[in-house]
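Make a model of the complete structure from these sequences and hints.
There are 2 protein chains.
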Amino acid sequence: MDRSFVIKGNICLTPRVGELVILENGYLVCENGVCRSVFDEVPARYAGLEVIDCGNKLVLPGMVDLHIHAPQYAYRGTGMDYELLEWLERVAFPEESRYADAAYALRAYTQFADRLKASATTRAVIFGTVHAAATMILIGLHGKQRPGELCGQDQHGPERPAGADRGSRRRRRRGHPQVYQGEPAAGLPAHQAHRHASVRARLHRRADGGAGRDPQGYDLPVQSHLSENPDEVRLVAELAPEAAFCGDAYDRYGLFGRDGNTVMAHCIYSTPPEVERMKRNGVWVAHCPSSNMNVASGIAPIRRYMDEGLRIALGSDVAGGTMESMFRAVTDAIQVSKLYWRYLDSDARPLSFPEALYLATKGGGAFFGNVGSFEAGYAFDALVLDDSAEPTPRPLPVSSRLERAFYLGLDRGGIAMKFVDGERIV
Amino acid sequence: MDRSFVIKGNICLTPRVGELVILENGYLVCENGVCRSVFDEVPARYAGLEVIDCGNKLVLPGMVDLHIHAPQYAYRGTGMDYELLEWLERVAFPEESRYADAAYALRAYTQFADRLKASATTRAVIFGTVHAAATMILIGLHGKQRPGELCGQDQHGPERPAGADRGSRRRRRRGHPQVYQGEPAAGLPAHQAHRHASVRARLHRRADGGAGRDPQGYDLPVQSHLSENPDEVRLVAELAPEAAFCGDAYDRYGLFGRDGNTVMAHCIYSTPPEVERMKRNGVWVAHCPSSNMNVASGIAPIRRYMDEGLRIALGSDVAGGTMESMFRAVTDAIQVSKLYWRYLDSDARPLSFPEALYLATKGGGAFFGNVGSFEAGYAFDALVLDDSAEPTPRPLPVSSRLERAFYLGLDRGGIAMKFVDGERIV
Chain Z
1 MDRSFVIKGN ICLTPRVGEL VILENGYLVC ENGVCRSVFD EVPARYAGLE
51 VIDCGNKLVL PGMVDLHIHA PQYAYRGTGM DYELLEWLER VAFPEESRYA
101 DAAYALRAYT QFADRLKASA TTRAVIFGTV HAAATMILIG LHGKQRPGEL
151 CGQDQHGPER PAGADRGSRR RRRRGHPQVY QGEPAAGLPA HQAHRHASVR
201 ARLHRRADGG AGRDPQGYDL PVQSHLSENP DEVRLVAELA PEAAFCGDAY
251 DRYGLFGRDG NTVMAHCIYS TPPEVERMKR NGVWVAHCPS SNMNVASGIA
301 PIRRYMDEGL RIALGSDVAG GTMESMFRAV TDAIQVSKLY WRYLDSDARP
351 LSFPEALYLA TKGGGAFFGN VGSFEAGYAF DALVLDDSAE PTPRPLPVSS
401 RLERAFYLGL DRGGIAMKFV DGERIV
Chain D
1 MDRSFVIKGN ICLTPRVGEL VILENGYLVC ENGVCRSVFD EVPARYAGLE
51 VIDCGNKLVL PGMVDLHIHA PQYAYRGTGM DYELLEWLER VAFPEESRYA
101 DAAYALRAYT QFADRLKASA TTRAVIFGTV HAAATMILIG LHGKQRPGEL
151 CGQDQHGPER PAGADRGSRR RRRRGHPQVY QGEPAAGLPA HQAHRHASVR
201 ARLHRRADGG AGRDPQGYDL PVQSHLSENP DEVRLVAELA PEAAFCGDAY
251 DRYGLFGRDG NTVMAHCIYS TPPEVERMKR NGVWVAHCPS SNMNVASGIA
301 PIRRYMDEGL RIALGSDVAG GTMESMFRAV TDAIQVSKLY WRYLDSDARP
351 LSFPEALYLA TKGGGAFFGN VGSFEAGYAF DALVLDDSAE PTPRPLPVSS
401 RLERAFYLGL DRGGIAMKFV DGERIV
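Top to bottom, those sequences are chains Z and D.
Once you know that position 171 of the first sequence is 171 in our numbering, the rest is easy, because the numbers rise by one and skip nothing.
Once you know that position 287 of the second sequence is 287 in our numbering, the rest is easy, because the numbers rise by one and skip nothing.
Keep in mind that the hints were calculated from the coordinates and are not lab data.
There could be a bad hint or two in this list.
[Stated by the list, open to error] Sample of chain D residues facing chain Z (criterion: CB under 8 Å; computed from the structure):
(1) N32
(2) A74
(3) Y104
(4) A296
(5) I299
(6) R349
(7) P350
(8) T392
(9) P393
(10) V398
By construction, the Cβ of each residue, glycine as well, lies at the ideal position given by its N, Cα and C atoms.
Have a look at this one:
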């Protein structure tokens, strides 16, 4: 399919935090995989392009998932009666050990990749395991389907890459701090030109208990977990007594950002100095509300982070989160923000639907560059949603239909079309 | 279809709080719509019954929803950026006013009834509006489909029944306290013999600002809301200064139980005297975690209520809750209990999956009598779940598959069969 065309439909986007723009029966122009803005009528200069008429359907930017574990997909929705550290030990690590078997990895990752392809997610930052062969399979599967993602490899999971220092076994077994790194693989397709976009990563270096050489020297993106759980915060303090706070333990080894290429999931118990460092270093917060409830971690102070101007995205965090649905992540983020406001900080206004939608699209999309909006120059990552299977006794306004699609989880069964960089993949 | 048969499959039930019993490839006998227990082999005395082989599917008791608003179904999943009182004023009441139009009610309630029929819910306690014709339509629709429920009619919604006292308009407008009553309609089908089971209710009396005659004299079930939101608790105290607490405002007018026929939704801010009164009167708590997050109410202290021995059920509370899925209510109950434990009471152990499943089946089912289990003498309300569309790279144990079905919401799309009183309705 040519990557230049026009979409006609009910176009929804959040160009700024909290601002939901809807153009009913509008036109969205894609030229060579790049957005050329939204129009009431097709401008004369695009008159030659094919018009895909989506009728009464909803057209919105694709979802960006900045935190998901591919090797945990196999047991999604199970083992949820444990708290974080016990859950890692009893559920996550035993499963991740299976990825030493490449045949198992191929089977499992194929299922994961198929589901991610069918989901609302158009860009993702994905965790693998320590197993190089398995991770190359994961990269290959996603390369084929091009949802546009960054795969990293777990450096501190239950097993070590060959040659790893056996002395830090205990640290690995406890699961935190986990450091994930990757470097761009050779032969990136042309559509991955802009920084980080759709980078296929592979194992970069051996794990050494957190004391790795500075990956910034390689301009490598880093993904990990930060201040997720009080027990884990205490554990990090014990393991890294030289660090002033959890994030400092990463920063001392060059694993804490500098130019927006580090994603830290959770950040529930970040202290003011940690938040200050994140802000200074441009570290991304991947807010994973579903997971934070499931493994009883808590609620991240997202309103405060927004007010501080931190870089914030949402993550499904499968399988701490149970499903790959970013629609669910959006509504979970709103729900927990209401409980946070109610019980923890009455100054922290709950997230509105447009605000949470922003985080899942343009907010997180900024990690990949111009991604997550329909403004001119943005990658054409789009969803066309068919919500006609949801009956109503009277017509609902488009804004209500959009909100409903998220709360009812219509990303399951309702995605009529999905585009990444203008290429139709559903 | 004959209401005597045998189901073969992976049979799951929670005979006691927290105890999940699974019989793989077991047999479940239904005789005249009533369970005759679970067996490893079909006993000789049932050898003549048809065996329905469900293969590797999951067989579990139907879900019981003790709090759902039929007239709010039309706008489910929308308007979620409001807190309770504003939400009632701006979203709930304007919609409920539409049910003065019987044609609208027929259209809307048909959609609701169809969806409830397709859902995992086998018994429900359902709210209507003040409009008699609309409520009779609702009763009729459910009578036809027999999911087994109790319909009530809103006495203090945005509009009054004809002849109602205009003096209490302000109270009505503010929405609380809302009192809902009903009485059995004439000509109940035979399967509704036991108390409350599948009662079709109709409007009983005019509203009078809470000062109704004692409905206990009529042995009427009562459903309402209790201590849902701090502002609402303050409002009730202002409107009923003679009452010692919210529940006392009901109790003074005979609207607060006595023999287990009163359901009060939410109970988030119930004081110790209120809890004591609920315990004494046998008042049911309908815990609605999804709604409690959405309209920013808070988290009910369910572990404490369980320890106190209160009668507890779950409710979807559409459209405070966004969907009719009781699978979602189960997992939401678990999730919020973890946040409650984390932030509000470290002695309140989070709900386990088997505990929450109990609340949604045998726990709430007790409102209807012997409902919600597969023990001998229980109504044969059952679901057969097909989870084969969820891929896994290795076989999962049945207990994990069951948990996963709830967390992934496989009640949407996964219900292969559904029985109420032994009658197959899906």
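Hint by hint, here is what the structure shows:
| no. | hint | result |
| --- | --- | --- |
| 1 | N32 | 35 Å, violated |
| 2 | A74 | 5 Å, holds |
| 3 | Y104 | 6 Å, holds |
| 4 | A296 | 4 Å, holds |
| 5 | I299 | 7 Å, holds |
| 6 | R349 | 11 Å, violated |
| 7 | P350 | 6 Å, holds |
| 8 | T392 | 5 Å, holds |
| 9 | P393 | 4 Å, holds |
| 10 | V398 | 11 Å, violated |
Against the hints set out earlier in the document, violations occur for numbers 1, 6, 10.
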